[in-house]
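Undergrad: Please work from the sequences and hints to get the whole structure.
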Amino acid sequence: MQNTDADVVITAYEPERNPYFNMMEINENGYAQIVKQTAQPIARRQDAPAVYSLCPAAYVIKRESLFKYSHWSQAKCKLHIIPREHATDIDTEFDFKTG
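Note that this note's numbering has the sequence shown beginning at 17, numbered continuously upward.
Just so you know, these hints were derived from the structure itself, not from any lab.
In this text, a Cβ means the ideal position worked out from N, Cα and C, and glycines have one as well.
Don't take every hint at face value.
[What the hints assert, rightly or not] Simulated DEER-style distance windows between Cβ atoms:
1) V51 <-> F110: 19 to 29 Å
2) F83 <-> E109: 34 to 44 Å
3) L70 <-> E41: 11 to 21 Å
4) V76 <-> D105: 11 to 21 Å
5) E80 <-> N45: 38 to 48 Å
6) Y68 <-> M40: 17 to 27 Å
7) G46 <-> N19: 40 to 50 Å
8) R33 <-> Q56: 12 to 22 Å
9) R79 <-> E44: 32 to 42 Å
10) N45 <-> N19: 18 to 28 Å
11) N19 <-> N43: 20 to 30 Å
12) K113 <-> S69: 15 to 25 Å
13) Y85 <-> K52: 17 to 27 Å
TA: Here it is in structure tokens:
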């Protein structure tokens, strides 16, 4: 964080799923659709833009940013990418048992 102009630095990892390719949501008409749609549909996962899952290993936030923004995502944010094996979340009973 010291070498950037970021207000926030968060650890993240490359996820198994990509919202441009294989994540769906139900739209207002009740039909499933790709979460992040592009002008041209993406046919191969390798062609999808890179996305990252946040990991709670470290959130570094400038003190003044806590008061300047109502949520950290509104600040200038950088990611520190870590290996997936170092990014274990324990959000559910399944995570706890398999983590």
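Undergrad: Would you mind marking each hint as holding or not holding in the structure?
TA: Hint check:
1. Separated by about 22 Å at the C-beta atoms, V51 and F110 satisfy the suggested range of 19 to 29 Å.
2. One distance hint, 34 to 44 Å for the beta-carbon pair F83 and E109, holds here, with the actual separation near 36 Å.
3. A hinted range of 11 to 21 Å holds for the C-beta pair L70 and E41, which are about 19 Å apart.
4. Between V76 and D105 the Cβ separation comes to about 18 Å, which falls inside the hinted range of 11 to 21 Å.
5. The supplied range of 38 to 48 Å is met by E80 and N45, whose beta-carbon atoms lie about 44 Å from each other.
6. A hinted range of 17 to 27 Å holds for the C-beta pair Y68 and M40, which are about 19 Å apart.
7. The supplied range of 40 to 50 Å is met by G46 and N19, whose beta-carbon atoms lie about 48 Å from each other.
8. At about 20 Å, the CB distance of R33 to Q56 agrees with the hint of 12 to 22 Å.
9. A hinted range of 32 to 42 Å holds for the C-beta pair R79 and E44, which are about 41 Å apart.
10. At roughly 47 Å, the beta carbons of N45 and N19 sit outside the given window of 18 to 28 Å.
11. A hinted range of 20 to 30 Å for the beta carbons of N19 and N43 is inconsistent with their spacing of about 42 Å.
12. Taking the beta carbon of each, K113 and S69 are about 20 Å apart, inside 15 to 25 Å as hinted.
13. The hint said 17 to 27 Å for the Cβ distance between Y85 and K52, and at roughly 24 Å that hint holds.
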